[in-house]
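Participant: One-letter residues, chain by chain:
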Amino acid sequence: MISNFKQALNSGKFVVTSEIGPPKGTNIEQMLHHIDLLKNRVDALNVTDHQSSVMRFPSIGGCLAIKEKGGEPILQVTCRDRNRLALQAELLLAHTRNVRNVLCLTGDAVPVGDHKEAKGIFDLDSVQLLRTIRQMETGKDSGGNDLNGAVEFCAGAIVTPEANPIEPQLIKFEKKVEAGAEFFQTQAIYDLDKFAKFMQYARQFPVKILAGIVLLSSARMAKYMTDNVPGINVPQDLIDELAGAPKGGAIRKGIEIAGRMVAALKKDSICDGVHIMAINREEVVPEILALAGL
Amino acid sequence: MKSITRQKPFSEVVQLLDRFDRVYIIGCGTCATMARTGGRDEVLEMKNRLQETGKLVTGWTVIPTACDEMTEAAARENEGAIKNANCSLVMACALGVHRVNSYLNNKAVIPALDTLFIGMEDSPGNFYEACAQCGQCVLGETAGICPLTACNKGLLNGPCGGTNNGKCEVDKEKDCAFTLIYQRLKEQGRLDLMRKYHPPKNYQVVPRPRIINLG
Ligand code: SF4
Ligand code: SF4
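Going down the list, the protein sequences come from chains A and B. Per the numbering used here, the very first residue in the first sequence carries number 783; after that it's consecutive. Per the numbering used here, the very first residue in the second sequence carries number 3; after that it's consecutive.
Calculated from the structure, these hints are not laboratory results. Incorrect hints may appear among the rest.
Cut-off 20 Å, straight-line C-alpha distance, at most; resulting in silico cross-link-like pairs (EDC-like, lysine to aspartate or glutamate) [as the list claims (entries may be wrong)]:
no.: 1; chain 1: B; residue 1: K203; chain 2: A; residue 2: D923
no.: 2; chain 1: B; residue 1: K169; chain 2: A; residue 2: E949
no.: 3; chain 1: B; residue 1: K174; chain 2: A; residue 2: D923
All chains should be built: construct the whole structure from the sequences, respecting the hints.
Facilitator: Structure (structure tokens):
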């Protein structure tokens, strides 16, 4: 069974994904609301896995909720919290519940999160996790033992096109491709010329690339991300544009910028689609899409 | 190479000594002296502080190297004062604590230090963890830089997404292991090694408890 998301990737259309952040606690109302809002507007919805190492409702739980509502989930799986047994068990569960898309991540470091004294597992890394999935598809687990029922996934990973230094990042990207990654979501990009250059390089590989679009909510936030978030560089003219917005209007400007970027990426077929991250402002994603003509 | 230690908070030492009123103190003349955690000065300071809390310190010694066999001779030499106490407080790394423990097994042995890691000195007074004794050394393919200790996540196949301008996600002051590995492999003309796939690590080369008889 080819997942709907994989079909969309293979169809040649400009693919749109977005992201759901599960709650810290049992109150899932807002998460369900965001799913309702987005499930028919995008090709698939990622559910984050203890993002920033902050303990939350699990990714698989969010994915099941998306399934129940008729949407298409992408299970984010990080290697931080589980060893190879637990990771594989989760993939077995996901497969049986028709959650058939997986995004393989190393995971943020434990000390950046809200359980700073916890043990970081990292029994596998993202490349090894991708290979484990491909092995499980042949009917064997990562220990070489027979599975009673194999899995089948559309598996992807992430890449940071503006990492510094870039070469180690690209080597790892290629290792992920070799390990069987079919699609990539990128770290947030803001400089379309630079990104187009990265795409020239990435086009030589048989993978689909979804450009990461992170909503800018203010000039301050844009500056902060440039200074602190790995691989994010918001060009000065965008920061100025945000700063020049009327009081209280920066968020509107951010939505406009995001919509403009998505439209440009689509118009020039720079990449295969976008992955929109609105981080706690999921309700504005439809507006971004509308501005982009999607 | 040194065993790097840090003194436990005094309140924790007091709590660990809660049920003992007579204490014998053992320091170490090697790593703990160098780290200023269990040398002569620190032992004497501990003695004073314990006395202030009402403990009776029956004696003290600084063993030249607490982790080696000489500890037995020192234990015998100070037998009287050790017997007179109802526990020994060891201001050495955990290897010293184990060594003392093996000679004084009818008396409680209490560590006063936390053992942090086995450190190598790269500049005066600056120690870094070089090896975590993982059991399956990869240094031959990582330009001599250990990703198990130099990377917060112990990754094998390259940098995580958190690496930033050559620094590590967890600390902007610390280098990302894979930037170092990349630079050095490149210098050595062996960058192809970075493209090599490392399969999941074998964490059971010698399963714990790790005991090997070389006799
Ligand atoms: S890989 Fe690192 S931890 Fe393992 S033996 Fe070599 S130096 Fe030690
Ligand atoms: S930034 Fe580098 S050293 Fe730090 S956790 Fe990531 S890969 Fe490891």
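Participant: All hints are to be evaluated individually against the structure, with a verdict given for each.
Facilitator: We went through each hint and held it up to the structure:
Between B:K203 and A:D923, the direct Cα distance comes to roughly 15 Å. Compliance with the 20 Å bound is thereby established for this hinted pair. Distance hint between B:K169 and A:E949 is fulfilled; the C-alpha atoms sit about 15 Å from each other, no more than 20 Å. For the suggested pair B:K174 and A:D923, the alpha carbons sit about 38 Å apart, so the restraint of at most 20 Å is broken.
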